[in-house]
Amino acid sequence: MTQVDEGIAALAEALLVLDEQRAIAATRELIDGGADPQAVLQRGLADTMLEVGRRWNAGELFLPEVVAAAEIFRMCNEIVEPALIAAGGRTLGHRVVMATVKGDLHDLGKNMVGAMMRTAGFEVHDLGKDVAAERIVEAVRQLEPSIVGLSSLLTTTVPEQRGVLAALEEAGLRRSVKVMVGGAPVTEEWARQIGADGFAPNAPEAVRVALALVGDERLAGI
Amino acid sequence: MGGERSPRPLRGRLRIDILTEGELDRIHEATMDVLESIGLRISSGRILDALAESGARIEAEAQLVRLPRRMVEEAIARAPSTYVLAARDPLWDVPIGRGEGYLSLDGCAAEIEDLETGARRPPTIADLTLATRLADAVNEVAVLWPSVAVTDVPPHAQAVHQTLVQLANSTKHLQAMSTFTARDARAVIEMARTVVGGSRALLDRPIVSSFQCSVSPLTYEGDAMEAALEFALAGVPCGFVAMPIGTATAPTTLAGHLVTVNAELLGGVAVLETLVPGAPTFIGPYQAFMDLGTGGIDLAWGPEEVLFKLAAAQLVQRYGLPMNILAFATGSKTQDWQAGAQHAISLMGVAAACEADLIAATGTLYGSRVFAFENVLLDAELFDLVRHLLERCRVSDEDLALEVIEAVGPGGHFLGQAHTRARMRELWMPRFLDRRTWEEWEVAGRPEPRDAARDRARQILAEHQPDPLPEGVEPELTRIVESHEKEAKGAGR
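Quick note, the sequences are listed as chains A and B, same order. Heads up, the first sequence is in my numbering, so the first residue is 1439 and it goes up one at a time. Heads up, the second sequence is in my numbering, so the first residue is 394 and it goes up one at a time.
Bound-form chain A, shown alone:
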């Protein structure tokens, strides 16, 4: 095992036991030491998130632990990303842009979905909460994601999901991306009605639907 391999193994181990400080220190050491940022991201972080997902699926981990892992992942990724961009490297697998729609400050459900998506290898770009349709359109234009995920908790903000779809249509981007909707008051019927491509009633199901939408073969394993 090379020194880099050892460092990546240490990072993976720290992420798996949810040791935030150790994971950040390990990432920094690798990047500062000149390790290939693509390898750090893939083998140190993304593959470990897959393992987190596997353990969640086996009932060994609970959602708060997945959320904590995703948060550590995000912090480590912030260290890796500049190096990655400098090296001109591509990032991970399928890209997802997520947002809680305008007028809605409830982002917990969306955060859970984001955490679970990371355990399935998706590259998640979270735009936050109370996000206007124009910002989502802009993000789709720039990031070229495979999937856009829209969340709303309030019955009063659910119609905004339709507004985002219309804005994507208007910008000529609707065909380039799959749109998933979710949130407590959202139903499959609503998703169909507004012409969304996918709906899920909870975070784990969202991962299954997302994998199906991008035609991923790992459906059985998740």
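One should not assume that every hint holds.
As the list claims (entries may be wrong) - Computed list of lysine to any residue pairs in SDA-like fashion (alpha-carbon distance at most 25 Å, straight line):
| # | chain 1 | residue 1 | chain 2 | residue 2 |
| --- | --- | --- | --- | --- |
| 1 | A | K1567 | B | V801 |
| 2 | B | K726 | B | G802 |
| 3 | A | K1540 | B | K879 |
| 4 | B | K882 | B | E583 |
| 5 | B | K879 | B | G865 |
| 6 | A | K1567 | A | H1544 |
| 7 | A | K1567 | B | G804 |
| 8 | A | K1567 | B | P868 |
| 9 | A | K1540 | B | G805 |
Rather than coming from a laboratory, the hints here were simulated on the basis of the structure.
Once you have looked at the hints, place chain B on chain A.
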């Protein structure tokens, strides 16, 4: 729903002490009156003679014994308030009198619901073997009753065959609750001694216990009382259970019902503690009411059931006697809304009313007449839920979590906090209550919790192997069973 138009609120809150001290006094006084002036019928000359020598007033021809108040009160005082129901595996020992309530299997169901076909049929030795093996694997079940009355052995040998099956298929304590004669009792005692290694060992570690039922109103079979004495002399705890049917074999009013139940149970304890002082015992005031229309047992299990339980619990606690209480009873024919409601209300009543030592009894439906395997698992889930509920809300600094509240601040969330991860596994997790989304439930074919419980029962029965009896013990037990069967047959029962 018809009737008067007005909203129907829950009024006030559950008062755990539903009887006042004054009311308890009146029930106690009435009970003493019954024992002193009306008396109990006990159809055993041997026992009546012995009681006469101890100061009871006997009416030999009518087989009546009238127990002076002093005799009853002294007898109650002689009953030990703590002892241990030992188990073949000491890890399963059940301490009595520690303010903890342990769940038992239900006993002697006349029928069983076949695990594969779902059909109702007479139970066999093979069924009892499986039921015992299942209970051995379910942690919430602490005490075994013979779940079903096996029909493939001669009736007079049922008790010993059942004991053999239970001893061989579980390391938990067993309560031989269908041991109706002194001869049965001697055989069960001999079997228990064989397992633990002699009579001294059984005195120290009684791996079996028993109880006898009164024949309401105010009667004990002589055979039953002689069996109780046989057990007591061998150091085997023996309790008394009364299950009169209100309106039929007890007065129709709750207070009158309580008086007869109390008289039967205290009378049993008085006989036992007078003739075998210090014998470990307990009392079980079980509730049942008559269906006014048909004369059968009321399978609807109404509010009287719960009221009776609460009142009886209060009464037993006053005497400081170990208590057995009936929690799981339903008239339903399947594990449905009725069964769930009756079990939950009843168990909450138990949790609110008392710290009964023994909680009866899981596994049956239809007024304890039909055993079904999945019931044990579903009841265990409710039992576990209420067990957690009784752990109450702790308020230490760690529990108050002020630092965590500050770290998250307004608008954040607690999912990512180390405090959450450190403590979340203390939260109760169901095994059978359905937590799926509607969509998942549709895809799974709209299953009910009992379907998952049935699958789990099958899985346990396929995988769980109870610790075997020590080498050479089982053939010896079989020999005892065979010789008892012959002897009992010769004696004409």
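Agreement of K879 (chain B) and G865 (chain B) with the hint, judged by alpha carbon distance not exceeding 25 Å:
22 Å, holds
For the pair we were handed, K726 (chain B) and G802 (chain B), check the Cα-Cα distance against 25 Å.
Answer violated: K726 (chain B) to G802 (chain B) is near 52 Å, above 25 Å.
Below or equal to 25 Å on CA atoms is what counts here, so check K1567 (chain A) against H1544 (chain A).
Roughly 7 Å separates the two Cα atoms, so the pair holds.
Verify the proposed pairing of K882 (chain B) with E583 (chain B), using a straight-line Cα cut of 25 Å.
Distance of about 18 Å is within 25 Å: holds.
Keeping to a limit of 25 Å between CA atoms, is the pair of K1567 (chain A) and V801 (chain B) held or broken?
Holds, at roughly 17 Å.
CA of K1540 (chain A) to CA of K879 (chain B), is that 25 Å or under?
85 Å, violated
Is K1567 (chain A) within 25 Å of G804 (chain B), Cα to Cα?
Answer holds: K1567 (chain A) to G804 (chain B) is near 12 Å, not above 25 Å.
Hinted pair K1567 (chain A) and P868 (chain B), Cα distance within 25 Å
Not OK: K1567 (chain A) and P868 (chain B) at ~73 Å, beyond 25 Å, violated.
Keeping to a limit of 25 Å between CA atoms, is the pair of K1540 (chain A) and G805 (chain B) held or broken?
18 Å, holds
Going through the hint list in order, the structure does not satisfy hints 2, 3, 8.
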